[in-house]
Amino acid sequence: MNARLEAPVFDLAIVGAGPAGMAAAVEAAARGLAAVVLDEQPAPGGQIWRNIEASGGRASLGGSYAKGAAHAAAFRAAVADYRPGTLVWHVETADHEPARLWLMQGERVGQLRARRVLIAPGATERPVPVPGWTLPGAMTVGALQTLLKGAEVVPSAPVVLAGNGPLLYLTAVQLAACGARIAAVLWTAPPGAWRGAVPHLPGFLASGTWRAGLGLMRDFRALGIRVVRDVAAIEITGDGRAEAVRYRTAGGASGEIATGLVALHEGVIPATNLARAIGCEHLWDEAQAAFRPRLGPWGQTSVEGVLIAGDGGGIAGADAAPLAGRLAVLGAAHALGRLTLPERDGLAAPLRRDLDRILRGRAFIDRLYPPRLARAALPDAVVVCRCEEVTAGAVRGAVASGAQGPNQIKAFLRCGMGPCQGRFCDPTVTRLIAEARGVPEAEVGQFRLRPPVKPVPLTAFAAAGEEVA
Amino acid sequence: MSGARFRRLAETGRPRVAITVDGAPVEAMQGDTLMTAILTARGRLRVSEFGDGPRAGFCLMGACQDCWVRLEDGRRLRACTTFAEAGMAILTGAEEGADAF
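Chains as they are written, first to last, in our numbering: chain A, 4 to 472; chain B, -15 to 85.
Read the hints as simulated data drawn from the structure, not as lab findings.
Among the clues, some could well be false.
Calculated cross-link-like contacts (lysine to any residue; reagent style SDA-like; alpha-carbon spacing at most 25 Å) [stated by the list, open to error]:
id : chain 1 : residue 1 : chain 2 : residue 2
1  : A       : K70       : B       : L(-7)
2  : A       : K70       : B       : G15
3  : A       : K70       : A       : D359
Derived list of chain B stretches under chain A, where covered just means 3 residues or more per stretch with a C-beta under 8 Å from a C-beta of chain A [claimed, not checked]:
id : segment
4  : -12 to -6
5  : 22 to 28
6  : 34 to 40
7  : 43 to 54
Label pairs and their computed distance ranges (CB to CB) [as the list claims (entries may be wrong)]:
id : chain 1 : residue 1 : chain 2 : residue 2 : range
8  : A       : R417      : B       : T4        : 30 to 38 Å
9  : B       : G71       : A       : L344      : 58 to 66 Å
10 : A       : F464      : B       : F67       : 16 to 24 Å
11 : A       : A225      : B       : A(-6)     : 22 to 30 Å
12 : A       : P161      : B       : A8        : 21 to 29 Å
13 : B       : A8        : A       : H99       : 55 to 63 Å
14 : B       : D36       : A       : A235      : 25 to 33 Å
15 : B       : A8        : A       : F464      : 31 to 39 Å
16 : A       : A196      : B       : R59       : 42 to 50 Å
17 : B       : T4        : A       : E446      : 50 to 58 Å
18 : A       : D348      : B       : A70       : 51 to 59 Å
19 : B       : A70       : A       : R417      : 31 to 39 Å
20 : A       : D348      : B       : F34       : 50 to 58 Å
21 : A       : A445      : B       : R(-8)     : 40 to 48 Å
Note that the structure is predicted; figures quoted are calculated from it, not measured.
Ideal placement from N, C-alpha and C gives every residue a C-beta, glycine not left out.
Given these sequences and hints, build the entire structure.
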């Protein structure tokens, strides 16, 4: 027990070193907070600016990527205690006491305490379950981008991109600039989506994000890639690996494209696993078709002392995340007695003005690129839970047998109990239950999550025990 | 066995790291994740533990957990977030079929 008592106490623990976490660390240093930054990756940048310090000069990745280099440099200059390669697998909270963070560093568990915890977990790609999505050669678009940025490798054969959204355009442009071949894009945004987006156009124009968006569209069109529009359903086929993708448009046209690699993408959703395991309240965001944590103006969650900033609090992108990260730190600094109320509000005003401007542009993007395959009728045979290989039919069967919520589905089927802890089946299970019961997803809710939020080997506990003994 | 799923953009000056995958030699580069090392050499990563067939990674950001492989000594490693080290002997489950894990 001595090890527990001796764990050091920080003012602020920042979990994640992406756009929100890095900016939060810079702000924390400026406010004189004793902060520690814990991040799973070996270097700062998060997913969007992965490997930015090593490949920041790669022009083919574009201007939005290059922006990250300045953020990473400011972070390095300011941060006093940065621990890369560190997984936070649980946070214990108690009223009026510092939170206790449970870590895994290398092959050993550890812990520290902090008066405030700022989680900046970022986003994960929305799961797009389609027939054949577990075959080798079915991946996410983000995975291709990760390989490009982190490992500087590209697909060795032509790839088909399926889905919609800005990241799909961006990845197509980046892959093409690096010499990868794109056989086709199966575009799933409904052609009528713009009608729902138009009322939000003024906010989008005011946000300024349209400049980058237009440039991206122009670059994409210039590639001359074959685009099949209004795709309503796809199926990845092959024997032991992807060999072709079949598609059907809303108009009834269908076709098949031979390809060994199909990359799926229908936007990103907040990475909420750690916040949910801590017990932070979440709510359904209809516009983004995803759950997100309920947050106060300074990133406060429903759990005292736990804050969230960046895409983990609702998808707003890498320009918004640093502002939200800094605002959360200002709120924490005031709560810890380091800033007076007028000081906090004075420092926050310009940040909040910029953040509000960016957020005003989001509704347009959300409505222009709604998920479609991820919301389409799912055949019974499709695997929903990739870890435990549970099909949509099995989930429907369990609902018919009386399982009314995600946690009963877990108990019935082990769905969501595999190593990914529901990250890639949770939205689908909630949707299938909602459809079967005829109730909204908000009412169905999500899996209840428990620590550790990612697999921790028992040897990591044993190694820590030896050290204490 | 299908061909390599990915190719490198450029031959870099990084030192080579020799590992084996299911007994076959694979030449990785320093700084490669196991995912990169394996998929630039072959077309798949591992065999699903429940008999659903081969897999080749999915999210590549440490979220989906669909890329666990193991060392000959039994230690399990997540291929997309573990760096290749000289002498690693990786088993993908192919040799034991459905009971690999």
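Verification of the hints:
Between A:K70 and B:L(-7) the alpha-carbon distance is near 22 Å, which keeps this suggested pair within the 25 Å criterion. At most 25 Å may separate the alpha-carbon atoms for a hinted pair to count; A:K70 and B:G15 meet this at roughly 24 Å. Proximity of A:K70 to A:D359 is assessed by CA-CA distance (about 20 Å); at most 25 Å being required, the pair is judged to hold. Given a C-beta distance limit of less than 8 Å, the hint that chain A covers the segment -12 to -6 of chain B holds, as 7 residues qualify and 3 suffice.
With 4 residues having a beta carbon nearer than 8 Å to a beta carbon of chain A, the segment 22 to 28 of chain B meets the requirement of three or more and the stated coverage holds. Three residues within the 8 Å Cβ limit are the bar, and the segment 34 to 40 of chain B against chain A gives 6, so the coverage statement holds. Evaluation of the coverage hint for the segment 43 to 54 of chain B: fulfilled, as 9 residues show C-beta separations to chain A shorter than 8 Å, against a requirement of three. A hinted range of 30 to 38 Å holds for the C-beta pair A:R417 and B:T4, which are about 33 Å apart.
The hinted window of 58 to 66 Å between B:G71 and A:L344 holds, with their beta carbons roughly 59 Å apart. In this structure, A:F464 and B:F67 meet the distance hint of 16 to 24 Å, their C-beta atoms being roughly 23 Å apart. Range check, A:A225 to B:A(-6): Cβ separation about 24 Å, and the 22 to 30 Å hint holds. Range check, A:P161 to B:A8: about 27 Å between beta-carbon atoms, so the 21 to 29 Å window is met.
Against the hinted window of 55 to 63 Å, the Cβ-Cβ separation of B:A8 and A:H99 comes to about 58 Å, which satisfies the hint. For B:D36 and A:A235, the Cβ-Cβ distance of about 26 Å falls inside the hinted range of 25 to 33 Å, so the restraint holds. Between B:A8 and A:F464 the beta carbon distance is about 34 Å. The supplied range of 31 to 39 Å therefore holds. A hinted range of 42 to 50 Å for the beta carbons of A:A196 and B:R59 is consistent with their spacing of about 48 Å.
A hinted range of 50 to 58 Å for the beta carbons of B:T4 and A:E446 is consistent with their spacing of about 52 Å. Taking the beta carbon of each, A:D348 and B:A70 are about 56 Å apart, inside 51 to 59 Å as hinted. Separation of B:A70 from A:R417 is about 38 Å and conforms to the stated range, judged on CB atoms against 31 to 39 Å. For A:D348 and B:F34, the Cβ-Cβ distance of about 55 Å falls inside the hinted range of 50 to 58 Å, so the restraint holds.
A hinted range of 40 to 48 Å holds for the C-beta pair A:A445 and B:R(-8), which are about 46 Å apart.
Violated hints are absent here; each numbered hint is respected by the structure.
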